[in-house]
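As a plain string of letters, each chain reads:
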Amino acid sequence: MSTIISSTIRIPSTTRVLANGLRVVAHEDPSAPIVTVHLMFRAGSRDERPGRTGLAHLLEHLMFEGSQHAPKGHFDDALERVGGSNNGSTWLDRTNYYETVPTHAVELPLWLERDRMAFFLPMLTGEVLELQRGVVMNERRQVIENRPYGKADEELHELLFPPDHPYSWPTIGYMRDLEQITLEDARAFYQTYYTPGNAVLVFAGDIAADRAFELAERYFGDLPAGPELPPPPAPVMPPAPNGARRVMDDDVSFPRIMQAFAVPAYGTPDWIALDVLAYLLADGDSSRLQRALVRDGRLAQDVDSYLYPTALCGVFGFVSTARSEVEPEALEHAIRQVVDEVIENGVTDEELTGAVRRVRRDQVSELATVEERADALAYAATVLGDADAVHTVLDGYAEVTTDDLRRVAAEYLVPERGATLVVVPRPGQDDEDEEAGDE
Amino acid sequence: MSEVSTVAVLPPPVPGAPPRTRAPRPERWTMDNGLRVIALPRSTVPQVVLRMAFAAGSAADPAEFPGTASLTGGLLTEGTETMSADELNARLDGLGAAVHASVGHDFAEVEAVFLSETLAEGIALVAEVAIRPTFPEREVERIRAESLDAILSRLDEPANVAEDRSALEVFGPAHPYGHPPFGTAEGIRTVPREALVAFHAAHYRPRGAFLVASGDFDTAELRALLDDAFAGWTGEPPSIGYAADADVALAAGQLVVVPWEDAAQSEIRLAGLGLDRHSPDWFAGSVANYVLGGSTITGRLGSNLREDKGWTYGARSYFLPGLALGGWLAETAVDVEVTAAAVEEMLGEMRRLVDERVPDDELRRAKDAMILSLPRYFETPSGVAGRFVTLEAYSLPHHYWDTFADRVEAVTAEDVQRVARQVFHPDRVVRVVVGAVPEGH
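From first to last, the protein sequence lines stand for chains A and B.
For the first sequence, our numbering gives the first residue as 1, with consecutive numbering after it.
For the second sequence, our numbering gives the first residue as 1, with consecutive numbering after it.
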């Protein structure tokens, strides 16, 4: 049985492609007097090479350091003066830049983005690179190295993927690679990927489609197309890690178990079924993992499951932190039992309906802002090839059946396809001296 | 590069007249039992956000059991008079509802997010958890154990240690704001179940409480549902006593270093008293803070430490409003070697705001950023709910958001300097460093 929930959200949009290849997507919603302008490039950490990890993200930082007609400090300053906000982010498959402004100021972000798409390189100096290299290294320290369990995701991905797989390294990059990135690396990455043909420009909010297309043409239509890129790599499942495992110690008080599985790519029917399964297993206090590990089992402080919406393959994960006096192996065993139970006996209609409703609840919350809707459209255009394909995903949840959930669990969440990382508290001071340093 | 040079240079666009933001106008009423309701219907997305607040924060903790308020809040969704914890959770999860309790210093809050089609059953369940929880022994012991683990885990992270220590230094051990709202391990370990039942019975009462509803609903229907759900619930909580003064005068100017072995960074906090939320200087203070550290990139702290020096990923400052007292905090995390220099630079930026009049252009930018970003505040049901929770929590005037722009616009450079002398004076803050010991201090 599949389930029907009426609260689905729509993000209607129109797409036009400019002569230089820039895809422009317009989504009109006049309910608040604001517009988001979102520029997404089909370039992320997967487009780096080993030894130069962190390059895509460092370039994102550099893009805020000024272009020829909007020099250093101008970007944020100009946007704040009109009440706008802006940011950018880098992930495995894409890099994005977005600004949300009151309706009257919609041309300002377009002018700023045009300037750094056309007139960025003259301002990219060694001094600018050094400064942002320092900021990014501090970002890595703050977000990863100075935070409990901060390095665990990175280690888990190294276990799940072979070293030549582009999802095997962290988006922020390794410290040793950040030190090596040169001005030439940054220039080459920019020239290769930051071209109209490799980008999607989304307008979302209080703006009519015709005006959006007219503005896109005015600010981006005359930019040269740039070199043609090879087509993006086809989705490919990495080889199964055959139950690879590692134990790492960290400055933490409680052990944590983390498991990950490579699964089909974002937007495929199996990915959607796995997303429902992730909610069914761990979202909500009545879910199977919450009951088995936290509420009834009393083994764990928390348990979560997640699914990456990524392009080459998805990543499905479990993460759970042990309670006092509980060994992490007990959590691992309990998680395995819950998944095996789904494979063996399936799930109920009520569980499926509740899980789909919880997915909808989060989708509705996330897509309440024009900023998030612009991102969803840009991501669908970048990863699925078409902004409107976002509806293939949003609608796909209604098609999921209990049989699907059992099938995807049996196919992808089996031990040989998984990688396991166990984080344990660092041994006491006396033991520490005897351990070899890793620097 | 050669092809790039053929692209024309376009003139920068000149924005037209900004939209004048109209804040949503809620319907307000007080139920017969004294519960204030603020309803903000708008059907932009099929969602309803409910936020219900009670004067049941950690400031009301019994002295012998710090953590009572927090445990009580955590147990609201763990079983009620008509449903076991399992039944309740199954109902909520089946609806796709998200219902969470959180406990701060002044208030305990139940926040619920529903798909609009499930509103009727959702409201009934919110009422159930807010007013009829039963604190089953078995769940009390589980939440108690989880809370104790959470207190230990929190201390694994230097940023948390810096935050907790700053509050203690500024407000002192005698004031509720000096301690985290989740209490102490000792309090949580020893508080009897009966004290939780008693705390709930005393403090979760309709008089003094309020409910903000925002999203896709019909107000008449909401009213009928609330009347039904909260029928028979009555009473008034005891008022909460706060220690009169903070110990900040004793601590001001001090440097507190918490050594942290193998720190990748030093966590720095400069903390002091802020402003009363009703202070006529609130708007001037907000503008002054925006100039100093309200924006991580363009604020003076971020400009200096991140954009000029590359020492940090971010630096910012903010007011921490409270019912009794306000706090103020500047924070950053920097490379260990530049810890002392970073503290000096931050103090220097504070001193500059005290000593020098803020230039007109910088003042203009801060005001514009604050006023013109208002439309984003009211974009989503949760955003709207948050803005009106603030009004109710601090008993601010109903027209607050309608007059916000004018109040900000009226702030002068002299106002900024006056508030800066009061709040940002380097002698009035405590310096807290978790990480390496800065040399020469």
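Simulated from the structure, these hints should not be mistaken for laboratory data.
Do not take every clue at face value.
[Unchecked claim] The calculated label-pair distances, taken between Cβ atoms and stated as ranges, are:
{"no.": "1", "chain 1": "B", "residue 1": "8", "chain 2": "A", "residue 2": "183", "range": "54 to 62 angstroms"}
{"no.": "2", "chain 1": "B", "residue 1": "63", "chain 2": "A", "residue 2": "424", "range": "54 to 62 angstroms"}
{"no.": "3", "chain 1": "A", "residue 1": "403", "chain 2": "B", "residue 2": "308", "range": "54 to 62 angstroms"}
[As the list claims (entries may be wrong)] Okay, the calculated bits of chain A under chain B, using three or more residues with CB under 8 angstroms as the criterion:
{"no.": "4", "segment": "51-58"}
{"no.": "5", "segment": "247-259"}
{"no.": "6", "segment": "349-355"}
{"no.": "7", "segment": "416-424"}
As the structure is a prediction and not an experimental result, all values here were calculated from the model.
Glycine included, C-beta positions come from ideal geometry on N, C-alpha and C.
- Apply the coverage criterion to the segment 51-58 of chain A and chain B: a residue qualifies when its Cβ sits closer than 8 angstroms to a Cβ of the chain, and three qualifying residues are needed. Per the Cβ count (0), the hint is violated.
- Task: With respect to the beta-carbon atoms only, verify the hint that residue 403 (chain A) and residue 308 (chain B) lie 54 to 62 angstroms apart.
- Result: Given about 60 angstroms between the Cβ atoms, the range holds.
- Check the following: the C-beta atoms of residue 63 (chain B) and residue 424 (chain A) are separated by a distance inside 54 to 62 angstroms. Between residue 63 (chain B) and residue 424 (chain A), where Cβ atoms are some 38 angstroms apart, the hint is violated.
- Counting residues of the segment 416-424 of chain A that have a beta-carbon nearer than 8 angstroms to any beta-carbon of chain B, does the count reach 3? Answer violated; 0 residues pass the 8 angstroms Cβ test.
- If you look at each residue in the segment 349-355 of chain A, do at least three have a Cβ nearer than 8 angstroms to any Cβ of chain B? Three-residue rule met by the segment 349-355 of chain A, so holds; n is 3.
- Are there three or more residues in the segment 247-259 of chain A whose C-beta lies closer than 8 angstroms to some C-beta of chain B? With 4 residues close enough to chain B, the hint holds.
- Satisfaction of the hinted span 54 to 62 angstroms by the C-beta atoms belonging to residue 8 (chain B) and residue 183 (chain A): violated (27 angstroms)
Hint check: violations occur at hints 1, 2, 4 and 7; the rest are consistent with the structure.
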